[in-house]
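S.K.: Letter by letter, the chains look like this.
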Amino acid sequence: MAIFDEELRALKEKILKLGSLVETAIHMSVQSLVDRNSDLAREIIKKDHQLNALDVEIDEECIRLIALRQPKARDLRFITIAMKITTDLERMGDLAVNVAERALELNDEPQLKPYIDIPRMAEITEGMVRDSLDALVRECTNLPYEVIKRDNEVDQLTVQVFNELLLYMIQDPATISRAMRITYVAKYLERIADHATNIAEMVIYLCQGKMIRHTEIQGNE
Amino acid sequence: MVNDKSIFTINDFSIYYGNFKAVNNIKLPIEANKITAIIGPSGCGKTTLLRSLNRMNDLITTSRVEGQVLFQGVDIYHKDTDVIELRRRVGMVFQKPNPFPSSVYENVAYGPKLKGIKKKSQLDEIVENALVRADLWKEVRDKLNESGLSLSGGQMQRLCIARSLAQEPEVILFDEPTSALDPISTANIENLLQQLQKTVTIIIVTHNMQQAARISEYTAFMYLGEMIEFGETDTIFVNPHNKLTEEYITGRFG
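Respectively, the protein sequence lines represent chains A and B.
Numbered according to my numbering, the first sequence terminates at residue 450, and the numbering increases by one at each position without gaps.
Numbered according to my numbering, the second sequence terminates at residue 852, and the numbering increases by one at each position without gaps.
Worth flagging that the hints you see were computed from the coordinates, not collected in a lab.
None of the values given here were measured: they were computed from a predicted structure.
The beta-carbon is built from N, C-alpha and C at its ideal position, and this holds for glycine as well.
Heads up, some of the hints might be wrong.
Claimed, not checked - Which residues of chain B face chain A? A partial, calculated answer using Cβ under 7 Å:
| no. | residue |
| --- | --- |
| 1 | Glu830 |
| 2 | Thr831 |
| 3 | Pro838 |
| 4 | Ile847 |
| 5 | Thr848 |
| 6 | Phe851 |
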């Protein structure tokens, strides 16, 4: 069974590798917007295929392990959440690409306003992604619950960004195309935070064997 | 988990071989018309426990028991128990198919004849009915007078099941019934067990954990004579609560 343990370890490493590529992509995409660095944005878009390839590789490995090793109990829970986590990570990568695409468009026009809330959102969101993966590494800790709680902050900031940009658009319709794009960026970050929340929920499933998705959790138990 | 659906209720039950305590203070309910699997490493006491349910271990002179095994609410270790009748009501099928060295027909008719049924037409009916229920009738209807030992391994095992069914048991105990069979015969027996549970309660000891996962409703995990964990098979294989169970079913034992 030592071979199986080795395979599980390798699978986990692949997820973490994908996770670190995703974290970098998210960070750089927001940077490309804030620093108005279009070269950086193009680089992220160009590199997305690496994430996609790794996602497929992880899925195939999970299917292989289910077929050949007939995993049970925690092993079974780990492999099934690995398949779901990789999908979440891949979607986060796509959203980072979307941020980069909006950055490219926004960087071509004069800056509408200083970016304040977007970097704050990005910071929380990146932290959630990092901690959700950290929770997967360290397993049974309180960390996944903390990640889930932070999702609310991101949701609130999204509303705040939207309301602020709405004022710009009402006052001056010429700002609409830029304001809309910034709203999109906020929405993308908010979606990334949702995916990080999914990962945290799956880590809880791995550790405790209970699904807390679509339930109201009252902090840690 | 003891409820009124339990056909067997095992209470604080221990089995000794001389001074050796092979089964230690076990509690276990067996639900009627369900398949309960008992798993655990060699020497954990699972076969000993199984054999105690129709008092097969009485045959080992050094063995003695403590505690209770209630079958339909009655303690089978009570001094007034009719052991022959108990073994009719609680049949057993073993690891290695063991038909009698007689014809297919005689193998199945043996029990009913002992019970005093003599009428040919009645015996014919019992034999056919038991062979149909054991999913063997179609294969042997034309060779009822051939030796039971001339059948294939899987057929012999189903013949043993038919022999047991002819006694109209309420429970059949299976002690690794497929470990000597190829995968196709194994699948046949597993399908058969799932059919039979509608009318007969099944308790199966198996080394094949996938088999327990495939066919059973409840799984009991034993280790060193103790009942470590008992629960719904889904729970045992997806989210066992005990660390030892987890280690055993994921193959990381010891």
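S.K.: So, for every hint listed, does it hold in this structure?
M.R.: Going through the hints against the structure:
A least Cβ separation of about 13 Å between glutamate 830 of chain B and chain A goes past the 7 Å threshold, and the interface hint is therefore violated. Interface restraint check for threonine 831 of chain B: the shortest CB-CB distance to chain A comes to about 11 Å, outside 7 Å, so the restraint is violated. A cut of 7 Å between beta carbons decides the hint on proline 838 of chain B: the least distance to chain A is about 5 Å, and the hint holds. A cut of 7 Å between beta carbons decides the hint on isoleucine 847 of chain B: the least distance to chain A is about 5 Å, and the hint holds.
A least Cβ separation of about 5 Å between threonine 848 of chain B and chain A falls short of the 7 Å threshold, and the interface hint therefore holds. Taken as an interface hint, phenylalanine 851 of chain B does not check out: its beta carbon lies about 9 Å from the nearest beta carbon of chain A, beyond 7 Å.
Checked against the numbered hints given earlier, this structure breaks hints 1, 2, 6; the rest are met.
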